[in-house]
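Novice: Each chain, letter by letter, is given below.
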Amino acid sequence: MTSNADSTTVNTTRIEITDLTFKRGDQTIINKLSHEFSSGGVTLLTGPSGCGKTTLLRLIAGLEVPDSGKVTASGRLWSNSSQILPPWLRNLDLLFQNDALWPDQTVGDQIAWVRKRRKNGNTNWNIEEITTELGINDLLNRYPAGLSGGEARRCQLARILAGSPSLLLLDEPLSGQDSATAGKTAQLLAKLLASDQVTAIVVSHETAQFADFGWQQLYLPGING
Amino acid sequence: MTPRWDPLTGYNRWTLLLAMLVYLLLTLLPLTLPFIETGWKSAIDSGPVIKLLVRSLQLASLSAFIATGLGLFAGIGLWHSQSPVYKLRNLLILSLLLPPYLLIQGWMALAWAPPPGLSFIKTPAGLSWAALILGTSMAPLSALLIGLGRYFVPVAALESLALNHGPTVALRRLVLPIVLPLLAAAWLIITMLCLLEGGVPLSLQFPVFATEITSRFLGGENPVSLARNVWPLYLCSLVLGICALSIIRRFNRGSDGNTAGPQHFLLHISSLPGWLRVLTRVSWLLLAILIVLPLFGLIRLAFTDSSYNLTMNYDGMALMRSLLLALASASIAALLTVPAAATLTEKKRNWLVLPVLLPLALPASITGITWAAWGARIHACCSWLPEVTPLLLSHLGRIMPFALLVSLALWSLQHRKSAREAVFMHEHHFCQRMRIEWPHYLLVFMVATVFSLRELEVSLLTVPPGGETLPIRVFNLLHYGAGSDVARLSLLLAVPITLAAWQIARKWGNA
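Here the protein sequences line up with chains G and D, keeping their order. Residue numbers 505 to 729, in my numbering, belong to the letters of the first sequence in order. Residue numbers 189 to 699, in my numbering, belong to the letters of the second sequence in order.
FYI, nobody ran anything at the bench for these hints, they're computed from the structure. Do not rely on the hints blindly, as some may be mistaken.
Derived CB-CB ranges, DEER-like [claimed, not checked]:
#1 608(G) - 601(D): 41 to 51 angstroms
#2 408(D) - 527(G): 55 to 65 angstroms
#3 196(D) - 642(G): 31 to 41 angstroms
#4 613(G) - 196(D): 21 to 31 angstroms
#5 680(G) - 196(D): 21 to 31 angstroms
#6 616(D) - 633(G): 25 to 35 angstroms
#7 523(D) - 633(G): 20 to 30 angstroms
#8 540(G) - 523(D): 37 to 47 angstroms
#9 449(D) - 680(G): 16 to 26 angstroms
#10 529(G) - 276(D): 49 to 59 angstroms
Beyond 12 angstroms from chain G on every Cβ pair, some chain D residues (computed) [claimed, not checked]:
#11 284
#12 354
#13 460
#14 621
Partner residues are not named here, just some residues of chain G that face chain D (Cβ under 10 angstroms, in silico) [claimed, not checked]:
#15 529
#16 530
#17 617
#18 618
#19 621
#20 664
Ideal Cβ placement from N, Cα and C applies to all residues, glycine included.
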């Protein structure tokens, strides 16, 4: 592993976190966490509320700066306490826990904008198929303000998948959806992520929905656990 | 790797540093006044200094009492969307943004031709008039501060208490502890602002500390000796500002996002006890009358017979100069203050709060005198700079603290944080990012435009010969012209401010 900074993006990503510590004020959220997320693999991240799952995703995405330790991707340094590679140079996308749709554009326009910026050589996902399977074809001309919580979640997921990033960070992808829709969404994710083209980290409390897919699991006990 | 990008704010670290340094340089430069000339001696004896300070404090505290008294109930009215105050909240914002010296014209119009039943109104002058005009013009600020209290009402706790003990107990136990500190903070902030306000006392020829400095400087006195004498005023406003800041800071801990919306039935006026309901309605009616009456007087006077006709050469050019100056200074202010405010809120640089908000406690006269002195020096070394440079820089120094306050509020209340962060996941995202951020920049720009358009004291001290702005023309005519002439010019100034205020009210909801 090298500690040299590099601005080039990588295609398939192996994420390694080493002695990662993150504090918010006086409170330690993540304490000396080390783990390797294998290239092309899917990891289901579980743990009690407040144990730092979302924070870990944000640290990997480059939206937070660690207090100590580092995040590397396929041997290249992404973040440590003094240096940070901006998210847009990491070829990843994050499904945010709360509404992250852009308020002044229709869902279709947002998906098209992201699709135009798609990197070459990651996946051959068919976005029309994805929107059909997520059941959002009727929502493409709608603005986010007119969507329910579950619809907004699926639209955000479609926008992320349209970008075909090499690293997918999904924070509660099934929240706000009824059990049938959640099951369909889980099946779609399993199908897309089975191709080993994408590394994915999925945070979810609904582990039963993903139980049959054989994904690796990482349990974060939290600093009190 | 671009180690200069800051993930917490979304800006380049150099941008943040540069914005903060330029902000501090432009706003804190007035502190250099005692050091830019030597050989000063005290121009005002300690006796008159104390007398002036007492007059200033008397005017400021009386104005603040009027403002908080009127604003308290109007502020409670802002909590529920069915209340008339809520529906007419644009009137509150407009009256807050109109310079108080314009209200004087309206009162004068009524004093010269009092409507039937109001013959007790005499020619505006003296402490009570100055306090009434300042208090009325500041009342909307206290109403808005109290109105913000709704965001700190914990809705679940309020409902639970109301179910068990009734709405009166719930309001007393939960709402009163929120309103009282806000009321105290509003009083302190308004006292501080009134202490520094020179426009109204100057126009009413009621000498206080702030006007004395301007008058003496315009009379040719040594500015450094004036700076030496201003420290009691500066210290008073600073103490008041720090007290207000410490009260407001406690609300940061209380807000958890679980707040009552403006439709909530427990915030409706009918949930209040009977006597409070009557008091609220009467106070709001009184405030509305005090806002509308001078505006009505101003409009009426402007359309009465006048020997004075607005001319393109003088008034039109003055308006153009004011607009150009406001646009230039507001653009620069918006570009600098939005990243500077991000440094404070997103990076939690609490130690920066005091130096950044310190300029709010500086009298405009000191800002103007310092920039006039520095302007002469700048021109001596860089004669190629345009003559308006000191005017532009002094306006920036004056308006940026207010623009920063608005930006701080917007950063703290932002509810599209994730949408903004989602943009950062993609390359070449500048346009997409601007689509999310432009309401923030626009709102800061509009507020800065209004503050620049209405600025009188700083302009008086730094304006180059032949380059008078509209407020200066209003001020000059106030002393030498007829009431209707002044009213016409005042209306000319009020038009762009009203348009901007209307835009601000519209955009605030979106931002």
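Novice: None of the hints should be skipped; say for each whether it holds.
Specialist: These are the hints, each one checked on the structure:
no.	hint	verdict
1	608(G) - 601(D): 41 to 51 angstroms	violated, 18 angstroms
2	408(D) - 527(G): 55 to 65 angstroms	holds, 59 angstroms
3	196(D) - 642(G): 31 to 41 angstroms	holds, 38 angstroms
4	613(G) - 196(D): 21 to 31 angstroms	holds, 29 angstroms
5	680(G) - 196(D): 21 to 31 angstroms	holds, 27 angstroms
6	616(D) - 633(G): 25 to 35 angstroms	holds, 27 angstroms
7	523(D) - 633(G): 20 to 30 angstroms	violated, 44 angstroms
8	540(G) - 523(D): 37 to 47 angstroms	holds, 44 angstroms
9	449(D) - 680(G): 16 to 26 angstroms	holds, 20 angstroms
10	529(G) - 276(D): 49 to 59 angstroms	violated, 41 angstroms
11	284	holds, 28 angstroms
12	354	holds, 34 angstroms
13	460	holds, 33 angstroms
14	621	violated, 10 angstroms
15	529	holds, 8 angstroms
16	530	violated, 12 angstroms
17	617	holds, 7 angstroms
18	618	holds, 7 angstroms
19	621	holds, 5 angstroms
20	664	holds, 8 angstroms
Going through the hint list in order, the structure does not satisfy hints 1, 7, 10, 14 and 16.
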